[in-house]
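There are 2 protein chains.
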Amino acid sequence: MSRTFELFLHETKQLIERELPEFIRTINTESRLKEAMLYSIEAGGKRVRPVLLMAVLDAYKFPIKDGLEVACALEMIHTYSLIHDDLPAMDDDDLRRGKPTNHKVFGEATAILAGDALLTHSFYLLSQITHVSAETKLHLISLFSEAAGAKGMVGGQLADMLAEGKLLGVNELASIHNRKTGELLAFAVEAGAVIAGTTPEDQRKLRAFGKEIGLLFQIKDDILDLEGSVEAIGKPVGSDVHNDKSTYPGILGLDGAKAMLASHYDQALQSLNELGLRNTLLEDMATYIVNRDR
Amino acid sequence: MSRTFELFLHETKQLIERELPEFIRTINTESRLKEAMLYSIEAGGKRVRPVLLMAVLDAYKFPIKDGLEVACALEMIHTYSLIHDDLPAMDDDDLRRGKPTNHKVFGEATAILAGDALLTHSFYLLSQITHVSAETKLHLISLFSEAAGAKGMVGGQLADMLAEGKLLGVNELASIHNRKTGELLAFAVEAGAVIAGTTPEDQRKLRAFGKEIGLLFQIKDDILDLEGSVEAIGKPVGSDVHNDKSTYPGILGLDGAKAMLASHYDQALQSLNELGLRNTLLEDMATYIVNRDR
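So the sequence lines, in the order shown, correspond to chains B and S.
According to our numbering, the first sequence holds residues 1 to 294 in order.
According to our numbering, the second sequence holds residues 1 to 294 in order.
Please note: incorrect hints may appear among the correct ones.
Claimed, not checked - In silico lysine to any residue, SDA-like type, Cα no more than 25 Å apart, as pairs:
1. S:205 to S:5
2. B:104 to S:5
3. B:245 to S:108
4. B:166 to S:35
5. S:166 to B:105
Unchecked claim - Chain B residues, not near chain S, derived (Cβ > 12 Å throughout):
6. 107
7. 266
8. 269
Since the hints were derived computationally from the structure, they do not count as laboratory data.
Treat the numbers as computed from the prediction; the structure is a model and nothing was measured.
We treat Cβ as the ideally placed atom computed from N, Cα and C, and that holds for glycine.
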């Protein structure tokens, strides 16, 4: 990892982890609800969506703070989706990032409501973005709601559920993942481009790069689920296999999955080439996702 | 009920019931998710929030169609809240408007996701409002997210849950209801005022009227829960008492609750007086809420 990228990761994480809880602490609501929201918001994680967004801003020489509200909205919606996914009626997970899941600590009802509140508040935050025009804010809200809703993440979650126990082809699996996690990652990249005011053509290309990143992320996750340690990944090793879920190594074998990872990594770099954004933090980000051990 | 008001109710309901499902049918997503969303969206109901919004538009001589997107967003968010409230981990209800609840038909996981999708899509809809400026849209999104989120409805739902089995005073009960249902009803009224471009002073007064409407609505609901028939209200009579929930008749007695209803009805009319909006559909609406038998 380059020294610059390491510093950038550190700075971004620090900014998010300082500002994100503040957006929740200032809401006038029940302390129990706030506590449940903050519990999952502060559970850590890689903050990949904010990092992606801010890497785009940096590549276009914008200050990363210009992406603060969108970055925090992304973390809120990502966190709500994890809380709801972990519920007994869904994936029924007891552990998340090495800590008890939200409903294990606060009970199911509060966990459902904490998720609903985070989801709703992410839109409040988007309505309050500084530094951009009203039209740009609305454009971001429109893209964000599509990436997070029935067309994107929520629909992908249902598709994932319906696919459980079924034998999927690699394209079907990629299509489900694309909606479940790819759309929101692609939005993170696209939002950076929108805030930086790049051309529609560059926005389209960056969106495509964001989709590659989503794919890289998921393939690597599946590989880590087989090869990682419980300490590093914060959940039992092999839990996907246990949950009867299709995975890239399950379909292609471990070597096949690694080859697919390498090939999409090349495609991601190719996209950056076309954008004239090689040797930026975006390249470091793709490399980081492929090489991470957690 | 005046002939004009009856026609208005009919016209508004018809518009909503024709257009609302279309906003969902056109989403590109899993048919099962769409089916679950449409099941609850098409379960009927009084469409009180759209009616309130459109009554304000009519009072200011605006076409009711100018409120279509906000009205449908209101119905989506209201419907999501019912789906989540009915879940086994929450109120655990099997019946809603005389029909099996969403999770009884589609299972818990799909019901959770259908709620999430409706909530998310309501914001998409608000980003697409026609007839108003970008600034006005953002203002509506900001008000809407506050009314629906931790500060408003979701927080009220948690407060309601925490209060179960406790002996509440009438002010505590009113404060919980104000957040659980009042904020969104007040938003419906305020949104009408914002779209009609009224003065901030009138917006403030209309918001106060909306809060009175919310209170009237809840007191009347509690009275109907005791006096109504299962055919009319679509759920078992006395289910609040059975669920160990505080109600206005429970605290004040049936006569006391009716007196409170009458007094807040007077206050609602007083607000309309100050606005110069007596003898509009808004007065009919208040009267309708107080006199309804379901």
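Which of the listed hints are broken here? Structure breaks hints 2, 6.
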